[in-house]
Structures are given as structure tokens and as C-alpha cells.
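Asker: Sequence:
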Amino acid sequence: MKLLTFSLLAASMTMASINVNAAHSKTSAPDKVILHAWTWSFNTIAENMHDISATGYDYVQCSPAQTCFVGDGGGMALFSEPGDSIQGKWYYYYQPTDWKIGNYMLGSRDDFKAMCDSAYKYNVKIIVDVLPNHTAIDHTAVLPGLDNAVGGHENLFHANGFKDIELWNDRYECTTGMMGKLPDVNTENPDFQYYYMQYVNDLINLGARGFRYDTAKHIGLPSDPLDAKSTKNNFWPIATGREAVKGLSLLMPDSLFIYGEVLQDKNVKETEYAEYMGQTASSYGHVLREVLHQQNFNAGNLRDWHHPVDASKLVTWVESHDTYCNAHESASLSDDQIKIGFVFLTARKGGTPLFYSRPEGSSKDNVWGNNRIGERGNSNFKNDEVKAAISFRHAMANEPENIEATENGAVAAVVRGDKGLVIINFTEKEQKFELPTSLPDGEYTDMVYSTTFKVKKGKISGKVMPLQSHIIVK
14 MKLLTFSLLA
24 ASMTMASINV
34 NAAHSKTSAP
44 DKVILHAWTW
54 SFNTIAENMH
64 DISATGYDYV
74 QCSPAQTCFV
84 GDGGGMALFS
94 EPGDSIQGKW
104 YYYYQPTDWK
114 IGNYMLGSRD
124 DFKAMCDSAY
134 KYNVKIIVDV
144 LPNHTAIDHT
154 AVLPGLDNAV
164 GGHENLFHAN
174 GFKDIELWND
184 RYECTTGMMG
194 KLPDVNTENP
204 DFQYYYMQYV
214 NDLINLGARG
224 FRYDTAKHIG
234 LPSDPLDAKS
244 TKNNFWPIAT
254 GREAVKGLSL
264 LMPDSLFIYG
274 EVLQDKNVKE
284 TEYAEYMGQT
294 ASSYGHVLRE
304 VLHQQNFNAG
314 NLRDWHHPVD
324 ASKLVTWVES
334 HDTYCNAHES
344 ASLSDDQIKI
354 GFVFLTARKG
364 GTPLFYSRPE
374 GSSKDNVWGN
384 NRIGERGNSN
394 FKNDEVKAAI
404 SFRHAMANEP
414 ENIEATENGA
424 VAAVVRGDKG
434 LVIINFTEKE
444 QKFELPTSLP
454 DGEYTDMVYS
464 TTFKVKKGKI
474 SGKVMPLQSH
484 IIVK
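The numbers in the working numbering rise by one with no breaks, and the one at position 358 of the sequence shown is 371.
One thing to keep in mind: the hints can contain errors.
Computed list of lysine to any residue pairs in SDA-like fashion (alpha-carbon distance at most 25 Å, straight line) [claimed, not checked]:
| no. | residue 1 | residue 2 |
| --- | --- | --- |
| 1 | Lys476 | Arg385 |
| 2 | Lys362 | Asp378 |
| 3 | Lys282 | Thr336 |
| 4 | Lys242 | Asp160 |
| 5 | Lys45 | Lys442 |
| 6 | Lys113 | Lys259 |
| 7 | Lys432 | Lys442 |
| 8 | Lys395 | Asp335 |
| 9 | Lys102 | Leu156 |
| 10 | Lys39 | Glu414 |
| 11 | Lys395 | Val486 |
| 12 | Lys400 | Asp130 |
| 13 | Lys377 | Lys476 |
| 14 | Lys194 | Val281 |
| 15 | Lys102 | Arg385 |
| 16 | Lys279 | Val322 |
| 17 | Lys242 | Val322 |
| 18 | Lys102 | Tyr117 |
| 19 | Lys432 | Asp323 |
| 20 | Lys113 | Leu156 |
| 21 | Lys487 | Met460 |
| 22 | Lys245 | Lys282 |
| 23 | Lys242 | Met265 |
It should be emphasised that the hints constitute simulated quantities derived from the structure, not laboratory data.
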């Protein structure tokens, strides 16, 4: 479908005449790759669009664009402690006070449009992180326009919306209760749905072509228990273009890639969520990080996706902003380990790999690096191996997959039919290897280091340097 031009007026977002009964948002993005430009400002993303495109990314995901809580005096630190010279918290943009485009942390509505214009020029699509599930912890900071739109402040929240979730695997508590002290929005209120969809359609009119739904598993599915203020759980049919609300429908749903943060646990309805959107492969990411930590492919089963939904509907990652910034679970992995983990994901058939951009200057001992919201992350996102892996993924579309590993788990290969393969050394030592392959006999040179490997009688052999990958295309 031809993209709408970015000059569409916001008024056109009331285009209720669109027939959404047959048009649904995409739940998969086969052979595509996402850059998560975490905390980069809209202007910073635009300024780096050439490098994003040249590296091969199909999508760039920006942080939340809506009006948000102004904390710590509006300071622009990623994170601060009391007494620090520069204050700020990255997560304030996850605390909405209104659903209008633009905030003090990332840029204005005009800045957002300029970013989308730049993406269009370079044939890259923008995914926006959206979060309709809750407001700021200080809900008194909610702006009057939002309160008025839903018929008063009390109508903004679920009846259960100020009670802490205690039983996280109870679907009623999970979808109506307060998560992390964030008051739970009544996403089933038609007035809220209408207001929120105006925001989403405004993003689309300015150039957004996808959405990542934060805390998606905390928004009820049609089969979930109802809050006392709700008559039906229909947020997801509306948000993904299957239904209209008060005559307003999601614009161009068949051109949008939508996925949700549906973190896996007990009693999570992954298969029902898959009817509406793609999902995060959180369990697979955990297994991959364990392999990287132990420097041993055999430390976890990476051949299995650890998810009941088909891999075509999964967004895969080595780490997310939550694993890095909150529990710092993945922060001890080096940039080289993140690189080879991403190369492995990208070489695979299935999933939509996402590369999370860490702060500039960050390290195992300094997770916040330059500690500035709005600035570009470090250069690992455009590493030569990362670039080659993305090119490999695009070239291997529809090719079958086979994963091989040495007995000691030091080296693994993702073999894509007889067209190519990627060899990865998971260790910090030089390794010699021999692995099965479908490539014809001969000598092959990898795309980055010009290293030569020999294939003879169905086996590829050679030598790989520490924490390096080698990408080979026939």
C-alpha cells in the first residue's frame, strides 16, 4: 500500500469511512529489523537517519511521544540520585499526563514530524512506543483537557485502578490494577478510547508506521474479567483497527506494524494477544542472555523459541531497555557480547530482531554513560558485523534454517539453506571449529573480516577470533 504523504492534516484523523472489517494491522514483519533508539530525541534520530538506513534497519523505534510528567525540575539526566548536579529520570516519559504529541524530554510535535519526514526520505519506518495503560504516578498532574475529554478525572481510571497488583498472574488484577504505583486507566471507556485514537491517528498522519504497546499484558483482552466501570473489553479490537469507537477508526491499519510488550509468565494469554499484534519474546531473550553470560551455546536451548506463538509474530532481542535500565540484568554483558547475540538473532529465520541502543560512553561499570536524555546512543548499533548481519537477513528471505554448534558450545552456526551461513564465537578465546553445512564445497570469504573458510564434504572449518561473527553469502 502506498504511504500517505506526511502533509495530511490532523483533521483527517476522523476518517471513519475506512472499512476496517477486512483491514487489520500487521502482526509480523518478516525479515525486517528494528533499531530501538532509546531516549534519542526526535531531532537526534533525524540527524542519524543516514547511518540508520545505511546500516540496513527497516524500522526505528522512538521513545514515548506523548505529553508526560515533568519531574526533577525538568532535568535531562537519564538517571539521578538526590544531590547530583544534573537531575532527571528516563522513565518520566512513561508517565503520561495527556495524549498529545510532544514532550520536554524528546521534542515537539514539529520535531516529531521532521523525524518522520527524514525517515520517509531514507525508506525507514517509525515505530512509536505508546502506553495507554496508565498515567503519571502523581495523577493530579493530568492535564484538564484529558480529564474533560473523558467526562471528569474519576472516569479516567478503572474502579480497581488505584489498588496495587498483588497477584500478578490473576488476570483481573493484572489488567485493572495499579502497576508500580501507576494508576490504571479505564481503557474500556469509549470517551478515553476516542481521545486516545485521535492521538494515534495524529501520529500516523505525521508519518508513524508502527506502534510498540508498553505493558500490553496489563490491558484486558475480550475474554478477560471486566472492571466494574466497563461493559466489555474491546480496547484491542479498536486499537488494531478491527472496530471503530464513536465513528473513529485506526487509520491505514494494513500498513502498520503493531507489537506489544507481553512479558511471559503464568496465565498470560499469548495466543489471544497474537490475534491482535506481534509480541515480545521475553523468555527467549532470557535464554540468549544466559548463553552469552556463560559463553556457551549449550547453556540454553536457542533452537526453541520458548513461546506458544509462531516465531513470525515475535519481536526478538538480546536486551531491552527494561533488562538494561531497571534490574540491570543485561548491563554486565559487553558491547561485543550484545553484538554477537544480535547477529545470531538476525541470522535466524523467524522473529523480528530489535537492537537496543545503549547510552554513549556506557560500560559494565557505568551503565548510564554520558547520562543525557536526547543524545545518540553508542556506535554499536552500526557495527560492521551488525550491518553485515542485517544484509544477510535481507538476502536470506525464505531460506530454510538449521542451527549447528560445536560439542563444547564455543562456536555455533546459523545455516540458511545452501545460500549462506553465520558463524559465531561465543567465547573470549580464539576457536578452531568444524561444523556441518549445506554450502557446496569450496572456499568462502566472510563479509566483514575477509577471513577464509573451507567447505569440504558437507563440513565447514576454520578459525574464529574471540566474540566475533563471520557472515558468509554464497
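Asker: Holds or violated: lysine 102 and leucine 156, Cα atoms, limit 25 Å.
Answerer: 21 Å, holds
Asker: Between lysine 102 and tyrosine 117, is the straight-line Cα distance small enough, at 25 Å or below?
Answerer: This hinted pair holds, its Cα atoms lying about 12 Å apart.
Asker: Given the hint that lysine 45 pairs with lysine 442, test it: the Cα-Cα distance must not exceed 25 Å.
Answerer: Measuring from Cα to Cα gives roughly 32 Å; hence the hint is violated.
Asker: Take the C-alpha atoms of lysine 377 and lysine 476, compute the straight-line distance between them, and say whether it is at most 25 Å.
Answerer: Outside the cut-off at roughly 28 Å; violated.
Asker: Does the structure keep lysine 400 and aspartate 130 at a Cα separation of 25 Å or less?
Answerer: 23 Å, holds
Asker: Could you grab the alpha-carbon distance between lysine 102 and arginine 385 and see if it respects the 25 Å cut-off?
Answerer: 10 Å, holds
Asker: Between lysine 245 and lysine 282, is the straight-line Cα distance small enough, at 25 Å or below?
Answerer: Cα-Cα ~17 Å, so holds.
Asker: Within a Cα-Cα threshold of 25 Å, do lysine 113 and leucine 156 meet the stated pairing?
Answerer: Holds. Lysine 113 to leucine 156 sits at ~11 Å (cutoff 25 Å).
Asker: Are the Cα atoms of lysine 242 and methionine 265 separated by 25 Å or less?
Answerer: 31 Å, violated
Asker: Run the distance test for lysine 242 versus aspartate 160: straight-line Cα separation, threshold 25 Å.
Answerer: 16 Å, holds
Asker: Given the hinted pair lysine 432 and aspartate 323, is their alpha-carbon gap at most 25 Å?
Answerer: 24 Å, holds
Asker: Can the restraint linking lysine 282 and threonine 336 be considered satisfied, given a maximum Cα separation of 25 Å?
Answerer: Cα-Cα ~22 Å, so holds.
Checked against the numbered hints given earlier, this structure breaks hints 1, 2, 5, 7, 13, 17 and 23; the rest are met.
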